[in-house]
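A.B. asks: Sequence:
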Amino acid sequence: MNWSLKPSRNALIDDSLTVSSPGPTSLSYDEGGALTLTCRASSNTVQHTHLSLTWYLQKSGEDNPRPIMSLDRDLTLIAGPGFEGRYQDGLIRLDKVGEGTYRLKFAKLKLSDQGEIYCRAQEWIQDPDRSWYSITQKEAEKLTLTTSSLVVRMSAQPKVLQQGQDLSLSCSLDTQNLEEKFFTVAWFRGSVELARIGPSGILSVSAELSARAERGELQVARRGVRDYSLVLQPVGTEDQGEYTCRKRLKTLILNTSKSRNFVPMLSPCVIIEGGFSLDMQNSLTVKEGDRLSLTCRVNGGQGQLSVTWQHKATSPPAAAFTNVISLNQDGVVEKGPAFAGRHVRAARPATDTFTLELDRVAPADAGVYQCVVSEWKSSSKTNSQFISSNVTVAPTASFLKLRLIGRNHKVTVGEDATLICQVKEMNVPMVLTWTLQRVDFPLDTIVTVYADGSISWSGVQRRYQLKVESKRNEVLHYLLINGASHAEAGSYRCSVSVFQDGVYRRLLQSNQLAINVENPENDLHVYPKQQSLAAKEGEDVALRCGFRSGASGLSYFYKVSWLYTGNLSSTKTLVQLDHTGLLSYPEDPGLRGLQRRLHLSRPEQKSSHLGIQTAQEGDSGTYKCQIELFQLDHKGQWQQKASQSSSPITLTVTSVALQVRQSFIITSQDFTVLCHITQQSSADSEFQVTWFWQEKSAENQRRPIFTAYRNSTLQAFEKSDQLRFSRPLHNNYSLTVSKAAPGMYFCEVEEWLPSLSHGWRKIATQRSGHWTVDIGPTVDSPGKRIFECSDTLTWIIITLVIFICLLSVVYVLILKMRRTGKKPEKDFWTEQVSLNTKPCMED
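FYI, the numbering for the sequence shown is 1053 to 1895, going by our numbering.
A hint or two may mislead.
[Said to hold, decoys possible] Within a straight-line C-alpha distance of at most 30 angstroms, the following computed DSS-like cross-link-like pairs (lysine-lysine) qualify:
hint: 1; residue 1: K1658; residue 2: K1814
hint: 2; residue 1: K1624; residue 2: K1588
hint: 3; residue 1: K1160; residue 2: K1111
hint: 4; residue 1: K1791; residue 2: K1771
hint: 5; residue 1: K1693; residue 2: K1624
hint: 6; residue 1: K1162; residue 2: K1190
hint: 7; residue 1: K1387; residue 2: K1364
hint: 8; residue 1: K1453; residue 2: K1523
hint: 9; residue 1: K1791; residue 2: K1748
hint: 10; residue 1: K1581; residue 2: K1814
hint: 11; residue 1: K1523; residue 2: K1476
hint: 12; residue 1: K1157; residue 2: K1111
hint: 13; residue 1: K1162; residue 2: K1111
hint: 14; residue 1: K1162; residue 2: K1194
hint: 15; residue 1: K1693; residue 2: K1658
hint: 16; residue 1: K1190; residue 2: K1160
[Said to hold, decoys possible] If you anchor each label on the Cβ, the simulated ranges turn out as follows:
hint: 17; residue 1: Y1502; residue 2: P1251; range: 46 to 54 angstroms
hint: 18; residue 1: I1866; residue 2: E1770; range: 53 to 61 angstroms
hint: 19; residue 1: S1329; residue 2: Y1502; range: 47 to 55 angstroms
In case anyone wonders, no lab produced these hints; they're calculated from the structure.
Just so it is clear, CB atoms sit at the ideal spot from N, CA and C, and this is done for glycine as well.
Working from the sequences, and respecting the hints, build out all of it.
C.D. replies: Structure representation (structure tokens):
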């Protein structure tokens, strides 16, 4: 019988195969980078089927895709043609992770991996004759992979050198995402490695150049993200050859591919056996007060060299050159007599280079400067050459630029104004003066700033403030007018002068700039932030009011008063905060109790809060916020400008039934005060918890007994052996007190949060309810804690009392027997005591 039922079986099986490849459809990687791709394939067929999966690479220009890795229906891995070697080296892997998830990994991509990559899944079913048939296949969306190689470029300056010159080799790396990669760059002369620098900046030098590196003749540095440089100074004939730079990958596997700009760096050096020449700038113009810098270069010098710098003035004409400074062949510096007190330097930064620097040049320093270089062999001068340069010193005033600009030319009384004196191209010590020209008044000098930083005030100093900001080619001098009044109105000007060579010279004045000061609109408005407020007796109450005014600036201040009108009573002042910051409570016996529970604050510039702690029924009434505006004039006198009261705020405080707090009757056992934080502002909050004790009759006299700080530091204010602290959870704090004293216990929690600008700051404070502790006899009743008295002294006293009572009973019996003349019929220890006998001690 033929069991090949392939057509009919396919017709009976639903096509439920799904294939997908999550992630972006376009990928870009560098050569050598790692790549991971995921393919998901699943089928919901009720029959028993197997899945096989293959990853393909479709290269541009090729008709057929190349299989990379396959996992057949028997879970056997097969590498595609051209990928077998990388699979055997572990550089390509295909893993099945989870149900229906297949992961392809490239440890190191090649340029040949570029193209379209996708996965294809096939579903197989087995017929009764045990043969397998593919019933369906599907492909995931294709992913476009672009791979790029690392390009290394190299350049040299110059390519042809003379012995003694400097060689500079630059190596540049070009690839994608260079900032995310780490390289080691090495320089070679021929096949010999000279030096290399790693990704951390560590320099390694070959043994051949180690001595030159110690002398500073070899410098290797990373100049930027992609630029590296090697400098040899000076070069000799042994340095000629062919130079290359190569890069090492992060894995430190040497990439031997040479630079694409593979150019010979040095031609055979040209050596001049005898004679040398000098090069120097022919003419130079220097601003007065700047630094004079001259460079003299030697071409072809042999042996040891010395230099002498000379100067000949042009005004008045000088007959001969005078020595400025010299540097002999051994490096010894000697100043000329005319420049002994000047800041002058001679240096030899390179073998063929001499420099002269003269600070703060004056007009008298103009003239001809001469560089005289001598060649020495065996302590004998063999040759000398000189070269000259004409130096002109331009006066400072010809370059100086002075400009006065301002902010807030038109201000209201009390506002701030700023004037800026912009000084450009001024490099000598100067004196800057600020002046003010008022209408119908003589010129007034406000302040003078001298070259040494000292300041001389002529105006009202508290009205002005100075600030200096130095930039590259200019200096900004700020004159800040704090809380301007009419006395600061007028035309301002800044001027610059110098004191140089014993002569005072006034150089330049700025333009005039007018500051107009106008009176403000004293429109003061006060408004309550609530019209009425209801509270229960014992609660805390906050009354708020705000105000606004057209007046602004440092010369305006506000006085805040809160007024109270009770039932059938006149309006009285409760508390006031005057314009100088003084807080006062007017004397009134009827308000003394309320005033003790008041708290006045100004959380913002133009608002006021009045807090009433533990409100009482007698606090009911109407409250008003009164604001008075004061101005401090230029004479230092206070002037009241406006006064305004808010509309009334009605406060109604209703009485409540007596609240009974939890009470503990204890003797000598431990008492635990629990502090549980049920809500906090942030998960980053830290807490400081303090436990307090106070007597019942002294509500405002609390005493700290223990504090747990937010940095886990503990502090006990009582005997530490009677306190035990624990923190079983992050928001649970516990303090156990041995031999608790009668009174009320409670805890107070401070919440702290960190910030970048202000560090740790306290954002909230919350107090718990009270625990009342009474000391009394042990009572076995619900709702009370029972402790057994173990005090030895207490038991001794009780025993003595019982013994005295027994002696009293015996004594009474003896007296009765003596009166009756009869002996007792029973022993007095067993005599029944009458029920009417009073006990000697009451429970």
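A.B. asks: Confirm or reject each hint.
C.D. replies: Verification of the supplied hints:
1. K1658 <-> K1814: holds, 23 angstroms
2. K1624 <-> K1588: Satisfied, since the Cα-Cα distance of roughly 24 angstroms is no more than 30 angstroms.
3. K1160 <-> K1111: Holds, at about 18 angstroms.
4. K1791 <-> K1771: holds, 11 angstroms
5. K1693 <-> K1624: Roughly 23 angstroms separates the two Cα atoms, so the pair holds.
6. K1162 <-> K1190: The given pair, whose Cα atoms are some 28 angstroms apart, holds under the 30 angstroms limit.
7. K1387 <-> K1364: holds, 16 angstroms
8. K1453 <-> K1523: Judged against 30 angstroms, a Cα distance of about 14 angstroms means the pair holds.
9. K1791 <-> K1748: Holds, because 18 angstroms separates the two Cα atoms, which is no more than 30 angstroms.
10. K1581 <-> K1814: Within the cut-off at roughly 26 angstroms; holds.
11. K1523 <-> K1476: The given pair, whose Cα atoms are some 10 angstroms apart, holds under the 30 angstroms limit.
12. K1157 <-> K1111: Answer holds: K1157 to K1111 is near 19 angstroms, not above 30 angstroms.
13. K1162 <-> K1111: holds, 13 angstroms
14. K1162 <-> K1194: The given pair, whose Cα atoms are some 19 angstroms apart, holds under the 30 angstroms limit.
15. K1693 <-> K1658: Answer holds: K1693 to K1658 is near 16 angstroms, not above 30 angstroms.
16. K1190 <-> K1160: holds, 28 angstroms
17. Y1502 <-> P1251: 46 to 54 angstroms: This hint holds: roughly 53 angstroms between Cβ atoms.
18. I1866 <-> E1770: 53 to 61 angstroms: Given range 53 to 61 angstroms: holds, Cβ gap about 54 angstroms.
19. S1329 <-> Y1502: 47 to 55 angstroms: Cβ of S1329 to Cβ of Y1502: about 50 angstroms, so the range 47 to 55 angstroms holds.
The earlier numbered hints are all upheld by this structure, with none contradicted.
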